[in-house]
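Generate coordinates for the entire structure from the input sequences, incorporating the hints supplied.
In the working numbering, the protein residues as written are 9 to 67.
For the record, the hints were derived by calculation from the structure and aren't laboratory data. Keep in mind the model is a prediction, meaning the values are calculated, not measured. Treat the hints with caution; some may be incorrect.
[Unchecked claim] DSSO-like cross-link-like pairs, simulated, lysine-lysine; straight-line CA separation at most 30 Å:
hint	residue 1	residue 2
1	21	48
2	48	36
3	36	21
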Amino acid sequence: MFDQDLSFTSHLKQISRTALFHLWNIAKIMSILSQSDAEKLVHAFVTSRLDYCNSPVTP
9 MFDQDLSFTS HLKQISRTAL FHLWNIAKIM SILSQSDAEK LVHAFVTSRL DYCNSPVTP
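This is the structure in structure tokens:
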């Protein structure tokens, strides 16, 4: 998880890529989703990953 400089840089890049991947996939099917369903998918696949990533870096 830590690189040689004891930073989360590589981990944060991977989390960002994964979140963007899921956002892109959700955007492709937005026309068949209700807003409520889209919000659930974003929370499940994007927000949860970003929140998980955020907790170790917050004081």
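Starting from the hint list further up, note which numbers the structure goes against and sort them upward.
-> none
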